[in-house]
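Could you slot chain B onto chain A? The hints should help.
2 protein chains.
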Amino acid sequence: MTEAIAAAFFEELAAAGYARLSLEAVAKRAGAGKAAIYRRWTSKLDMTVDLVSAVAVNASGAADTGTLRGDVLAFLTEVADALNEPLAARIIPDLIAEGGRTPELAEALFAAVRDTRRSRATQLLERAVARGELPADVDREIALDLLAGPLYWRLAVVHTPTAPDHLDRLTDMLLAAFRA
Amino acid sequence: MTEAIAAAFFEELAAAGYARLSLEAVAKRAGAGKAAIYRRWTSKLDMTVDLVSAVAVNASGAADTGTLRGDVLAFLTEVADALNEPLAARIIPDLIAEGGRTPELAEALFAAVRDTRRSRATQLLERAVARGELPADVDREIALDLLAGPLYWRLAVVHTPTAPDHLDRLTDMLLAAFRA
Chain A
1 MTEAIAAAFF EELAAAGYAR LSLEAVAKRA GAGKAAIYRR WTSKLDMTVD LVSAVAVNAS
61 GAADTGTLRG DVLAFLTEVA DALNEPLAAR IIPDLIAEGG RTPELAEALF AAVRDTRRSR
121 ATQLLERAVA RGELPADVDR EIALDLLAGP LYWRLAVVHT PTAPDHLDRL TDMLLAAFRA
Chain B
1 MTEAIAAAFF EELAAAGYAR LSLEAVAKRA GAGKAAIYRR WTSKLDMTVD LVSAVAVNAS
61 GAADTGTLRG DVLAFLTEVA DALNEPLAAR IIPDLIAEGG RTPELAEALF AAVRDTRRSR
121 ATQLLERAVA RGELPADVDR EIALDLLAGP LYWRLAVVHT PTAPDHLDRL TDMLLAAFRA
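The listed protein sequences correspond, in order, to chains A and B. When we follow UniProt numbering, the leftmost residue of the first sequence carries the number 1, and every step to the right adds one. When we follow UniProt numbering, the leftmost residue of the second sequence carries the number 1, and every step to the right adds one.
Quick caveat, the hints were computed from the structure, so don't treat them as lab data. Everything hinted at is true.
One copy or two, it doesn't matter: identical chains are merged, so the pair holds either way.
Below, a list of computed lysine to any residue pairs in the SDA-like style, where the Cα atoms sit at most 20 Å apart: (1) 44 x 20; (2) 44 x 111; (3) 44 x 23; (4) 44 x 16.
Extracted from the complex, chain A is given alone in its bound form (with noise of 0.2 Å):
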């Protein structure tokens, strides 16, 4: 049952948007009683934080390949794959969006999201450092920026269209970039 109630809260939240998400909406949706959603969860907001980061840290966001190139080459797949993911697609900027006017919304995902993912990615630049294949001055705060900032422009806000070699060439100007 919390499998199919979480099925049917990203279904709901890619269709109605966090603001206009309802419980009872989701509830009906998975065929359950609101009961067994509020034996789970407290309010709209713990739902929403306890399943997105579920998802979102759950994607391993660095994998070790032995190189920088090959360790951002993944990311950059796995943020990609995320972004073509038609509910992730409308859930992610819609959570975005609405942090801005919740900002207990934007607390709990940055603590339980963001500061995760940040730090698996920095992860990823000190592996490069120790392999010798980045200076230990490399700007990690603007790295961070570099591995997740152009895709999401991309594929999340301009969507404009790509061609097969975009995460190989992306790959080349970001490590020219770590190492300016």
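Okay, now just chain B, sitting in the frame of chain A:
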């Protein structure tokens, strides 16, 4: 009156989001009647695209400073200033999220805002190619994502704190990426 309506529109849009924006509330906040709005715009969509694109396209986006480094730093400064403006910081992510649910809004904003801004940023790159500062085959598509994406990610998505020399460092890293 048009200016008062525009100011009221942006305040309402920032507070309520596009989905819940009501033209009655805009009229009330502007001290105008609904007729004053419908004389100028045919719908909420029409009003949004017209007023948002007037602001977004007014921003020059691509000053010619004489060097690629100067042009990139000026571009990034303008993006950062826009995203640090409290109303814009709420409105831009909201419109991006709403575009995922309302294709006619996305299409109108792509045509009125995205395509104009992309064409100006492309001119920044073409000037650098003409000056011999970038190779003729620089990947313009990825360079455009690099100009906007990392700053958008930091200032509008993850909201991590920014060092005083952030734009300078980002500029140096982007120049290395463009030349890769």
